[in-house]
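Engineer: From first to last, the protein sequence lines are chains A and B. Under the working numbering, the first sequence has 72 at position 72, and the numbering climbs by one with no breaks. Under the working numbering, the second sequence has 50 at position 50, and the numbering climbs by one with no breaks.
Note that these hints are calculated values from the structure, not bench results. This structure is a prediction, so every number in the text was calculated from the model and none was measured. One should not assume that every hint holds.
Stated by the list, open to error - Derived pair list, reagent style BS3-like, types lysine-lysine, alpha-carbon separation capped at 25 Å: (1) A/Lys36 x B/Lys57; (2) B/Lys71 x A/Lys67; (3) B/Lys71 x B/Lys22.
What the hints assert, rightly or not - Simulated DEER-style distance windows between Cβ atoms: (4) B/Gly41 x A/Arg63: 45 to 51 Å; (5) A/His77 x B/Asn3: 41 to 47 Å; (6) A/Leu54 x B/Ser95: 21 to 27 Å.
Think of the CB as a built atom: it goes at the ideal place given N, C-alpha and C, for glycine as much as any other residue.
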Amino acid sequence: DTAVSQTPKYLVTQMGNDKSIKCEQNLGHDTMYWYKQDSKKFLKIMFSYNNKELIINETVPNRFSPKSPDKAHLNLHINSLELGDSAVYFCASRGDPGELFFGEGSRLTVL
Amino acid sequence: GENVEQHPSTLSVQEGDSAVIKCTYSDSASNYFPWYKQELGKGPQLIIDIRSNVGEKKDQRIAVTLNKTAKHFSLHITETQPEDSAVYFCAASISGSARQLTFGSGTQLTVLP
Chain A
1 DTAVSQTPKY LVTQMGNDKS IKCEQNLGHD TMYWYKQDSK KFLKIMFSYN
51 NKELIINETV PNRFSPKSPD KAHLNLHINS LELGDSAVYF CASRGDPGEL
101 FFGEGSRLTV L
Chain B
1 GENVEQHPST LSVQEGDSAV IKCTYSDSAS NYFPWYKQEL GKGPQLIIDI
51 RSNVGEKKDQ RIAVTLNKTA KHFSLHITET QPEDSAVYFC AASISGSARQ
101 LTFGSGTQLT VLP
């Protein structure tokens, strides 16, 4: 049973479109994250939610909007996609005292 | 905020040799230092971690050392095998805090058969 699952695994879309990535964790953790991994493998945090409340919002364009309907889910919606949004997006949840559990990633390609 | 630097960015070793990856951190309040392994097409996965009250920790072929005074920590892999080939990330944070982990830039380790 997958601990952190995100869908879809691959998205290919045109510039200007809107897309969503869904994430669910079954670990009972309170804190969830979205990370962006660029082509150089650098992991950059985008957002963090703790029990449905936004606690970290790094400098991310407001075209990116996270939504947490409950503490087990953290979805990412992206409006007006740009070429530079192409990356792998990872959802993660955090246990105590700090281990992160990552999903398998969603590779977004913007054409 | 915390800044974590990781070296080298790429590392190639012969199977059976040892590999060492080094990281430095800037925030003296950080007390939790995990290492993650990312295989191709997968998400990063924790392989070992160390807290600031410990200087060294071993788990089979992998070990991590921490020097709090110098603010650096290292990952050591002995008797490397081809399946050790992956990207390795170090990270630092304050344990028990809602603050996020700060990751290093990653090391692509290639173990040559």
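Engineer: Per the hint of 45 to 51 Å, is the separation of the Cβ atoms of B/Gly41 and A/Arg63 within bounds?
Structural biologist: At roughly 27 Å between Cβ atoms, A/Arg63 and B/Gly41 fall outside 45 to 51 Å, so the hint is violated.
Engineer: Is it true that A/Leu54 and B/Ser95 lie within 21 to 27 Å of each other by Cβ?
Structural biologist: This hint holds: roughly 22 Å between Cβ atoms.
Engineer: Check the hint pairing B/Lys71 with B/Lys22 against an upper bound of 25 Å on the C-alpha distance.
Structural biologist: 11 Å, holds
Engineer: A/His77 and B/Asn3, beta-carbon distance inside 41 to 47 Å?
Structural biologist: 30 Å, violated
Engineer: For the pair supplied as a hint, B/Lys71 and A/Lys67, is the alpha-carbon distance within the 25 Å limit?
Structural biologist: With a Cα-Cα distance of about 37 Å, the restraint between B/Lys71 and A/Lys67 is violated, given a limit of 25 Å.
Engineer: Going straight from one Cα to the other, do A/Lys36 and B/Lys57 come out at no more than 25 Å?
Structural biologist: Violated, at roughly 30 Å.
Of the numbered hints listed earlier, those contradicted by the structure are 1, 2, 4, 5.
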